[in-house]
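Undergrad: Now for the letters of each chain:
Protein chains: 2
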Amino acid sequence: MNIADISRMAGVSRAAVSRYFNNGYISEEKREAIRRVVEETGYRPSVQAQTLRTKKTRMIGVIVPKVASESIGKVVEGILSVLNKSGYQALLAVTQNDPQKELEYLSAFHGKQVDGVILSGTVFTPEHKRMLKNSSVPVVIAGQYLAGQCAVYHDDYHATYDLTRVFLGKGRRKLGYIGAIPQDKAVGAERYRGFCDAVRDGGHPEFAANCVTADFSVASGHEKAGELLAKCKDLDGVVCATDSMAVGAVQYLREQGIRVPEQILVAGQGDYEMARVMGPPLVTVHYYYEKCGEVAVQMLMDLLGHREGAMKEVKLGYYIVDPMQV
Amino acid sequence: MNIADISRMAGVSRAAVSRYFNNGYISEEKREAIRRVVEETGYRPSVQAQTLRTKKTRMIGVIVPKVASESIGKVVEGILSVLNKSGYQALLAVTQNDPQKELEYLSAFHGKQVDGVILSGTVFTPEHKRMLKNSSVPVVIAGQYLAGQCAVYHDDYHATYDLTRVFLGKGRRKLGYIGAIPQDKAVGAERYRGFCDAVRDGGHPEFAANCVTADFSVASGHEKAGELLAKCKDLDGVVCATDSMAVGAVQYLREQGIRVPEQILVAGQGDYEMARVMGPPLVTVHYYYEKCGEVAVQMLMDLLGHREGAMKEVKLGYYIVDPMQV
DNA sequence: TATTTATATGTTACCGATTTCACTTTCATA
DNA sequence: TATGAAAGTGAAATCGGTAACATATAAATA
Chain P
392 MNIADISRMA GVSRAAVSRY FNNGYISEEK REAIRRVVEE TGYRPSVQAQ TLRTKKTRMI
452 GVIVPKVASE SIGKVVEGIL SVLNKSGYQA LLAVTQNDPQ KELEYLSAFH GKQVDGVILS
512 GTVFTPEHKR MLKNSSVPVV IAGQYLAGQC AVYHDDYHAT YDLTRVFLGK GRRKLGYIGA
572 IPQDKAVGAE RYRGFCDAVR DGGHPEFAAN CVTADFSVAS GHEKAGELLA KCKDLDGVVC
632 ATDSMAVGAV QYLREQGIRV PEQILVAGQG DYEMARVMGP PLVTVHYYYE KCGEVAVQML
692 MDLLGHREGA MKEVKLGYYI VDPMQV
Chain V
392 MNIADISRMA GVSRAAVSRY FNNGYISEEK REAIRRVVEE TGYRPSVQAQ TLRTKKTRMI
452 GVIVPKVASE SIGKVVEGIL SVLNKSGYQA LLAVTQNDPQ KELEYLSAFH GKQVDGVILS
512 GTVFTPEHKR MLKNSSVPVV IAGQYLAGQC AVYHDDYHAT YDLTRVFLGK GRRKLGYIGA
572 IPQDKAVGAE RYRGFCDAVR DGGHPEFAAN CVTADFSVAS GHEKAGELLA KCKDLDGVVC
632 ATDSMAVGAV QYLREQGIRV PEQILVAGQG DYEMARVMGP PLVTVHYYYE KCGEVAVQML
692 MDLLGHREGA MKEVKLGYYI VDPMQV
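These protein sequence lines map, in sequence, to chains P and V.
392 is the number of the first residue of the first sequence in our numbering; add one for each residue after it.
392 is the number of the first residue of the second sequence in our numbering; add one for each residue after it.
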C-alpha cells in the first residue's frame, strides 16, 4: 500500500493524497474520498520515504553512559516523556562510559539519522569538543556544563557546598569525602570543589585532603570508606558524591562497629530510593533529574524550530534532604 | 554528498560505489579509488535512502512501561548491549503502563519504521493479542509468557513457590502476601499462584486469603502492609511480589514497633540494590533481568534472519537470596 | 577448441513519499 | 468588466540509495 494505490482508489492524484496528510489545498469532496480510502485500507505514509524527501527524521539520538541507574533512568524518563508529546522518537545509545563509543554514536547520529542529539556523557575529551563544534545536527548536553554548548545541568557545586555546611552546622568537624574521578566535571570536580570550599570557609581547609575516589557502585563506596578511615582515624562525618557510594560507606562503617549516624554522620547525593530506605535515612541532596531530561528536550526543540530566544544554558536547583530535620 | 558525487570523483559508476559498501564484485583498483574518495570526503551512505530501497531499517522498537525502574532498566541494558553488537539500534518507547499507548506504539512500529519489536508490557488485552497476531514485523515479548508468541520470561511461579517454602522451612507459619494486580500475569498472577500453592502444599491453604494488592512503589508497600496487618493480626512472615513493596512493608512494620525480621520476616523479589542495603537485607529472589533482555534480542535476531531452530519460548532461572543463610 | 563459470562493470528502473511548477477555476475588488 | 488573489489540481522532478539486467572479459572445464 503506497500513496499511488491510495490515489488511484480515491480517484485523485498522488499529490492530492500528500496534501491530504500535509494540510495542503484540497477540496472537501476529495478530502472525504481520501479519508474514506485511508480508513478502509489503514494506510499510513512510509516514514522512510518522507524522511528521504524532507530530511526530517523526527527522531532524536539519546546518548547515555548506562540506563540501569536511578539518576540516568530518571533523566531518560524525562527526555522520553516530553519527546513523544512533541511527536518525536528516541534512538537510545548506551556507551558504558566508553568515550570511544560516545564519539562513535555521535558521529553515527551526526551526519544523518536523527534531527538532534542529547548527550549525557561524563568525561569530555578535546576530541569530543571538536566533534560537537562541527556537528551538523544540534546537540544538547544533559547533566554537565560545557562551554559554548547548549547544556542543562545541576548546581553540583552549591549543592555540595550547602550539604557540607549542614555537617559543619551540626557540629561535625572532622570530615572526609568520597568522590568521583576529577575528569567527571560535574559529579567529580564540581562536587569536590563544593566540599573543599565549604570546609575552607568553615575554617578547616586541611579537611580537603581527606578525600578518596570511588566509582558509582555501592561496593566501591564500601571499599573506599575503608581507605578513607585508614587515612584519618577520627572522622565524625563523611560526605559522598552519590548515594550509592554513601550506602556502601555506611555498610563498611557499621561492619567496623561504628555507629552511623551517631559517631559518623554520612551524606550522599541524588536522593536515590535506596538512600531513603536506609535506617535511618541518609542525609542527601535532591537533584531534579527528570526535569533535566525534560529541559534538554525543550532546548533541543527550540534549536530545531529555529525559535528565537532559545535557551543556551540552564542550571537547575536542588534541595537538601535531612531526615533528622523533618 | 551523495553516491553520485562520490562515483564521479572516483571515476566509477554509482553501482560500483554501492558495491564497495556492500561487498559486491569490485576490482582492487576501483576499490582503492573509492576508498580514497570516501576517506577524503567522509562520505557515509544515507540510511534513509538505504532503508527506503531495502526495507531494512536496522532498528528495533523497544516498548517498556517505564525506564526508571531497576528491573526494567536492567532488561533495557541487556537489550541494548546485544543489540548494538549486532549493528542494530533501539527506538525506545515508554508507555507508563497505559495499554492505549502500548497499542499506539505497536501500531506505529508495526507497519514500518522498525525491523522488529521487543514488547515488555504488563497487562495484555484481547486487542493486544489481535494486534500481535497480525503484526507485519516480528515481536518478542520480554518478561511475560503469552501463548503463541515468542517470549522470554522468568519462572515467577516456582520462584515464589520456593521463596514461600523457605519461609515455611524457617518455621514461619502465619504468612501474608503483598502482590500485584492479577491482570499482570507474571508479577501479579503467577507469583501469587506460587505463594498459594506453597502454603497449600505446606498444609495451610487458608493463608492464601491473607493477600493484599499493591503497585510497584515503596509507598504502596508501606500502605498495603497496614491493610494486611489489619486483616490478620498475628503474622510472622510476609512475602511480597517485589522488593520495593517489601521495603515499604518493612518500614511500616518497624514504625509499628514490630521487629523485622525477628517477629515478622519479610521477603521481596527482584534482588534490587535497595533490598541488599537494608539492615538486615531482605530475603529475595534473584531474576536474570539483563539476560532476559539479551535473550529477547537473540530471539528477535533469529526471527529476522529466518534462522531455523529459532527459539520460541525461553523460561529463565532464578535463585533465592537468603542473607541469613550465607 | 568450445563452453561454462566467476569476476567485473555500467545502465536503469525502482523504493514511496514531497514539492515545484504550470495551469484552471472561483471569487472578491477596483 | 477587467484584474488580481486565492484555492485547487495533476504531472513530473527529486531525495539517495539498491538491485535487476545486460554485457564483457578472463579463467577453468569439458
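It should be emphasised that the hints constitute simulated quantities derived from the structure, not laboratory data.
Take the hints with a grain of salt, since some may be wrong.
Said to hold, decoys possible - A few chain P residues that face chain V, going by a derived Cβ cut-off under 7 Å, partial list only:
1. R426
2. V428
3. V429
4. E430
5. E431
6. A440
7. T442
8. L471
9. V473
10. K503
11. V638
12. M665
13. G670
14. P671
Where a beta carbon is used, it is the ideal one built from N, C-alpha and C, also for glycine.
Undergrad: Each hint: holds or not?
TA: Now the hints, each set against the structure:
Look at P:R426: its Cβ only gets to about 18 Å from chain V, farther than 7 Å, so that hint breaks. The beta carbon of P:V428 comes no nearer than 16 Å to any beta carbon in chain V, farther than 7 Å, and the hint placing it at the interface is violated. At a threshold of 7 Å, the smallest CB-CB gap from P:V429 to chain V is about 13 Å, leaving the interface hint violated. For P:E430, the suggested interface contact is broken, since its CB lies about 14 Å from the closest CB of chain V, more than 7 Å.
Annotation: P:E431 was flagged as interfacial toward chain V, and the flag is violated, the nearest CB pair being 15 Å apart, outside 7 Å. At about 6 Å, the closest approach between the beta carbon of P:A440 and any beta carbon in chain V falls short of 7 Å, and the interface hint on this residue holds. Taking 7 Å as the C-beta cut-off, the interface hint given for P:T442 holds, the closest approach to chain V being about 4 Å. With a cut of 7 Å, the hint placing P:L471 at the interface with chain V holds, because the nearest CB-to-CB distance is about 5 Å.
With a cut of 7 Å, the hint placing P:V473 at the interface with chain V is violated, because the nearest CB-to-CB distance is about 11 Å. Annotation: interface hint on P:K503 holds; nearest CB of chain V at approximately 6 Å, less than 7 Å. Taking 7 Å as the C-beta contact cut-off toward chain V, the hint placing P:V638 at the interface holds, the least distance being around 5 Å. For the restraint placing P:M665 at the interface with chain V, the shortest Cβ-Cβ distance is roughly 4 Å, inside the 7 Å limit, so the hint holds.
Evaluation of the P:G670 hint against chain V yields a held restraint, the C-beta minimum of about 6 Å falling below 7 Å. Interface restraint check for P:P671: the shortest CB-CB distance to chain V comes to about 10 Å, outside 7 Å, so the restraint is violated.
In the structure shown, a violation is registered for the earlier hints numbered 1, 2, 3, 4, 5, 9 and 14, in ascending order.
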